[in-house]
Every structure is written in structure tokens, then in C-alpha cells.
Amino acid sequence: MNAEQSDDPGETGGKPLGRRLVLSMLGLGAAGVVTAPYLQNGLESFLSAASGKDPTGLTGLLPNGGGFRYYSVASSVPHKSAADYRLTVDGLVDHPTAYTLDSLRALPQTRLVRDVQCVTGWRVPGTPFEGVQLSRLLDAAGVRPGARAIRFKCFDGTYSESLTLEQARRADVLVALRMQDKPVVHAHGGPVRLYVAPMYFYKSAKWLSGITVTSDVQRGYWEERGYDTDAWVGKSNGRGDAPTV
Amino acid sequence: MTPMPGSASPTDAATPRPSEEVRRFARPVRWVHRTTAGLMLLCIATAACLYIPQLAELVGRRYLVVTVHEWAGLLLPVPVLLGLVSRALRADLGRLNRFAPYDIRWLRSALRRDGARREAAKFNAGQKVYAAWIAGATLVMLGTGLLMWFTHLTPLMWRTSATFVHDWLALTAGIVIAGHVGMALADPEARRGMRTGSVSRGWAEREHPRWKD
Numbered sequence: 001m002n003a004e005q006s007d008d009p010g011e012t013g014g015k016p017l018g019r020r021l022v023l024s025m026l027g028l029g030a031a032g033v034v035t036a037p038y039l040q041n042g043l044e045s046f047l048s049a050a051s052g053k054d055p056t057g058l059t060g061l062l063p064n065g066g067g068f069r070y071y072s073v074a075s076s077v078p079h080k081s082a083a084d085y086r087l088t089v090d091g092l093v094d095h096p097t098a099y100t101l102d103s104l105r106a107l108p109q110t111r112l113v114r115d116v117q118c119v120t121g122w123r124v125p126g127t128p129f130e131g132v133q134l135s136r137l138l139d140a141a142g143v144r145p146g147a148r149a150i151r152f153k154c155f156d157g158t159y160s161e162s163l164t165l166e167q168a169r170r171a172d173v174l175v176a177l178r179m180q181d182k183p184v185v186h187a188h189g190g191p192v193r194l195y196v197a198p199m200y201f202y203k204s205a206k207w208l209s210g211i212t213v214t215s216d217v218q219r220g221y222w223e224e225r226g227y228d229t230d231a232w233v234g235k236s237n238g239r240g241d242a243p244t245v
Numbered sequence: 001m002t003p004m005p006g007s008a009s010p011t012d013a014a015t016p017r018p019s020e021e022v023r024r025f026a027r028p029v030r031w032v033h034r035t036t037a038g039l040m041l042l043c044i045a046t047a048a049c050l051y052i053p054q055l056a057e058l059v060g061r062r063y064l065v066v067t068v069h070e071w072a073g074l075l076l077p078v079p080v081l082l083g084l085v086s087r088a089l090r091a092d093l094g095r096l097n098r099f100a101p102y103d104i105r106w107l108r109s110a111l112r113r114d115g116a117r118r119e120a121a122k123f124n125a126g127q128k129v130y131a132a133w134i135a136g137a138t139l140v141m142l143g144t145g146l147l148m149w150f151t152h153l154t155p156l157m158w159r160t161s162a163t164f165v166h167d168w169l170a171l172t173a174g175i176v177i178a179g180h181v182g183m184a185l186a187d188p189e190a191r192r193g194m195r196t197g198s199v200s201r202g203w204a205e206r207e208h209p210r211w212k213d
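Note that the protein sequences, when read in sequence, are chains R and F. full-length UniProt numbering puts the first residue of the first sequence at 1, with every later residue one more than the last. full-length UniProt numbering puts the first residue of the second sequence at 1, with every later residue one more than the last.
Please keep in mind that the hints were generated in silico from the structure rather than gathered at the bench. Hints are not guaranteed to be accurate.
Pairwise CB distance ranges, derived in the manner of DEER restraints [said to hold, decoys possible]:
no.	chain 1	residue 1	chain 2	residue 2	range
1	R	Gly126	F	Trp31	46 to 56 Å
2	F	Ala88	R	Ser24	21 to 31 Å
3	R	Gly13	F	Glu57	46 to 56 Å
4	R	Ser76	F	Leu41	21 to 31 Å
5	F	Ile52	R	Arg86	47 to 57 Å
6	R	Leu28	F	Gly115	54 to 64 Å
7	F	Arg191	R	Ala242	20 to 30 Å
8	R	Ser76	F	Ser198	40 to 50 Å
9	F	Gly179	R	Asp90	51 to 61 Å
10	R	Asp90	F	Leu82	47 to 57 Å
11	F	Ser109	R	Gly13	13 to 23 Å
12	R	Leu28	F	Pro101	24 to 34 Å
All C-beta atoms, glycine included, are put in the ideal place defined by N, C-alpha and C.
Work out the full structure, taking the sequences as your base and the hints as a guide.
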């Protein structure tokens with residue numbers, strides 16, 4: 001037994017390196033929060049470049065690795081096809097209407113290419129959406145005086161959204177039938193979803209089934225849970241993202 | 001525990017045989033480990049359901065999953081804090097905190113993979129580093145998680161920054177915890193120590209030669 005070994009600090013001596021490591025982690029965490037905006041920019045541009053060349057798709061699982069994330073608030077969402085899909089327009093309108101998928105397809109289509117920004121931080125650049133301008137459906141139904149807002153319902157049975165009438169009449173608010181130049185798939189809210197280009201993506205309700213014109217704004221699912229009702233990208237929810245429009 | 005098994009000394013007659021049991025973890029320590037592990041697994045499982053698209057698609061119910069995740073995370077430090085009333089837990093935390101010269105040699109040998117003999121007391125240096133790292137990481141996850149939860153209490157930029165740290169540290173912690181579980185799976189006697197509180201003397205002398213009660 002050499003001198004060093006016999007000089008055994010045992011369980012009470014020695015250096016308190018454990019405590020120092022815990023405190024270092026706290027320091028690193030705080031430093032990470034402070035430097036996050038710079039780190040994030042660098043990592044995002046690196047990862048979005050990498051995900052474009054990544055055949056495995058693994059980079060999509062990394063934080064901010066590019067691409068969409070799937071969020072559903074319901075336990076399961078039914079599948080709707082051209083045969084059984086209906087979009088109703090009702091409430092304070094002169095002509096309540098029920099559209100089939102084919103009748104929506106027959107209307108003039110508008111294609112927009114904008115960034116998608118989620119309120120949780122991820123952003124997907126330059127995503128094409130194509131569909132019928134919401135204002136066209138509202139005009140066809142004939143909005144009555146006294147109407148000031150729209151309530152959207154979804155066939156997942158749970159989600160809802162809202163817009164003021166003024167917001168809903170914007171040219172960049174679509175009832176979208178196509179996304180990324182393909183029919184909207186089920187995971188992205190197909191066959192028909194809302195697309196509100198200037199707002200955080202939770203406003204773009206998936207699995208759209210009902211448009212009800214109302215006299216006042218009735219807050220939607222996430223707004224009831226603390227998110228802003230007027231969800232302009234970069235000017236709400238305490239976030240400073242670059243505007244998408 | 002005799003540091004040199006088999007060395008002649010007056011206590012030899014009383015030294016138990018290697019097949020005998022040694023108490024390793026007191027009941028409060030095992031319960032703190034068990035409840036912390038349960039809460040951590042709940043955090044990881046709910047995080048996976050929020051984060052991995054295929055699981056999110058399967059489970060849905062986003063608001064419920066978020067709520068479970070938040071509360072599991074908030075409760076995560078509670079078992080250790082409650083366990084501090086136990087002298088045995090305080091003693092084990094003290095042992096985890098202190099690094100002796102043989103711990104430094106252990107780490108050096110582990111990093112260099114030089115096959116040198118690695119000595120340890122009740123906890124080896126790897127376990128000490130893991131304990132401190134995961135404790136610090138848990139506190140950072142808790143802090144950034146609270147910033148994300150109570151969005152309106154903090155300035156504008158903080159939430160995005162907290163999300164960034166929370167996401168990347170979650171990924172890192174997941175890998176580190178997988179390592180911890182992997183090490184346990186590879187050593188049934190170590191698992192028995194945490195499950196029943198006892199290990200065989202032979203295992204203790206082999207794995208933790210400097211451990212004295």
C-alpha cells in the first residue's frame with residue numbers, strides 16, 4: 001500500500017467536486033439561455049442545410065431540425081375523404097352552405113408561399129399553401145350586418161379557432177386544400193385546413209369542418225389556455241419572430 | 001470492508017465470508033431512487049409523446065400530455081428533498097459529493113481506456129459524476145421548464161431561449177439516462193442492491209474495494 005493510497009480521504013474527505021459539477025450545470029444552463037438567440041441562429045441554419053441532405057430523416061428529430069411537428073389535442077382524429085367530407089358555413093349569414101371537397105376544388109384557387117412559424121419556436125421556410133380564399137366563401141354566404149367574427153370548428157371533435165371578420169377577409173387567409181403542392185394529408189389537417197398566413201400556426205386550424213359567423217370573437221382552444229387571440233407572428237405571445245408576411 | 005481482502009490482520013477471524021450479504025442502500029434511499037426514477041420516466045415518456053411526430057400522432061391529447069409532463073417535472077426534485085430527513089440519504093449524498101484521489105485516477109483510467117485498475121468506495125467516480133450531472137441537469141430543466149410554463153411572467157425573449165436549452169438538454173439527458181440504465185442492466189448485482197438493499201460481499205469487495213460502512 002503506497003503513501004497516496006493510505007492517505008484515504010474516505011467518504012468525508014476529498015474534494016467536493018460533486019457540488020461544483022451541479023453548480024457548473026446551473027451556470028451552463030443560465031449561459032445557454034442568455035446565448036440561445038445566437039446559438040439557435042447558427043444551429044438552425046446548419047441543421048436546415050443538413051436536413052436537406054439527410055436521407056435518414058434523423059435530423060428532423062433534433063430540436064429545430066427543420067420540418068413540421070405534429071400536434072393534435074384530440075385522442076384520435078377520424079379520416080375524411082371526398083365522399084364524406086363537408087365544410088359548413090353558417091351563423092350570421094343569408095345563405096348557410098355545405099361544401100363538398102369537389103365543390104371547394106371547383107372554386108378559384110389561390111397559391112401562397114410563406115414561412116410557417118409555430119408559437120413553440122419551429123419555423124419552416126417557404127411552404128406553399130393553395131386553396132379558396134376565405135373571403136370568397138363569406139361573400140358567397142352573404143354576411144349579415146352585426147357580424148364581427150368567425151368561429152372555426154374541426155372534425156377532430158375538440159379543436160376550435162377564431163378570427164375577427166376583418167382578419168378573416170384578408171387575402172392571405174385560405175381554406176387550404178393543398179400544402180407543399182400536394183393535397184393536404186391527414187397528419188397536416190387534411191383534407192381541408194385553415195391557413196392564416198400572418199399568424200402563428202395554431203391559428204391555421206387542421207381538419208376544418210365548420211365556419212360560423214358570429215357577433216363576437218369566441219376564443220379558440222389554445223386561446224382559452226393562455227395563447228393570444230390576435231396571434232400576429234412577431235407581435236404576440238411574447239415572441240419576436242420575423243413576420244411571415 | 002477491508003481494502004485488501006485476505007490480508008492477515010487480527011480482524012480476520014471475524015471477517016465474514018464472500019457469500020454473505022452487505023447492506024448497501026437503506027429503505028429511504030431506495031424509495032427516493034424509485035420515485036425519482038418513476039417521475040423521470042414519466043417526464044421522458046410524455047416528452048416523447050409531445051416531441052416525436054409518430055408518437056404524437058398516436059397519442060394526441062396534447063393538452064393532457066403537456067399537463068402531466070409539467071407536473072411530473074415540477075415534482076421531480078421532491079423525493080430527494082423529502083428524503084433529506086433520512087440520515088442514510090444525507091450520508092450517501094455526502095459520499096457522492098466527495099472525490100478522493102482514487103476517484104480522479106478512476107476517471108483518468110476511464111477516459112483513457114487504459115485498463116488500469118479502478119478503485120472505488122461506496123460509489124465509483126462514474127456514479128458520482130452521473131449523480132451530480134443529472135442533479136444539475138434536472139434543475140436546469142426545471143428552471144427552463146418554468147420559464148416556458150409561465151410565459152407571461154418573463155420578458156419576451158426568454159421563452160424561446162428557455163425552449164432552446166430545454167430541448168437540447170432533454171436530448172442530452174435522455175442519452176445520459178440511457179447510459180445509466182444500460183450500466184444497471186449490465187450488472188444484476190448492482191440492480192439487486194437498489195431493489196432489495198443488499199449485495200453480496202464478494203461483489204462489494206470486487207466493485208467497491210474502498211467502501212467502509
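These are the hints, each one checked on the structure:
1. The hint said 46 to 56 Å for the Cβ distance between R/Gly126 and F/Trp31, and at roughly 54 Å that hint holds.
2. Take F/Ala88 and R/Ser24: their Cβ atoms lie about 27 Å apart, and the range 21 to 31 Å holds.
3. At about 54 Å, the CB distance of R/Gly13 to F/Glu57 agrees with the hint of 46 to 56 Å.
4. Taking the beta carbon of each, R/Ser76 and F/Leu41 are about 24 Å apart, inside 21 to 31 Å as hinted.
5. A C-beta distance of roughly 33 Å is found between F/Ile52 and R/Arg86, which places it outside the suggested range of 47 to 57 Å.
6. Judged by the Cβ atoms, the range 54 to 64 Å given for R/Leu28 and F/Gly115 is violated: they are separated by roughly 32 Å.
7. Against the hinted window of 20 to 30 Å, the Cβ-Cβ separation of F/Arg191 and R/Ala242 comes to about 51 Å, which falls outside the hint.
8. Roughly 47 Å separates the CB atoms of R/Ser76 and F/Ser198, a value that falls within the hinted 40 to 50 Å.
9. Taken as a hint, the range 51 to 61 Å holds for the pair F/Gly179 and R/Asp90, whose Cβ atoms sit roughly 57 Å apart.
10. Take R/Asp90 and F/Leu82: their Cβ atoms lie about 56 Å apart, and the range 47 to 57 Å holds.
11. The supplied range of 13 to 23 Å is met by F/Ser109 and R/Gly13, whose beta-carbon atoms lie about 21 Å from each other.
12. Remark: the range hint 24 to 34 Å for R/Leu28 to F/Pro101 is upheld by a beta-carbon distance near 26 Å.
The earlier numbered hints that this structure contradicts are 5, 6, 7.
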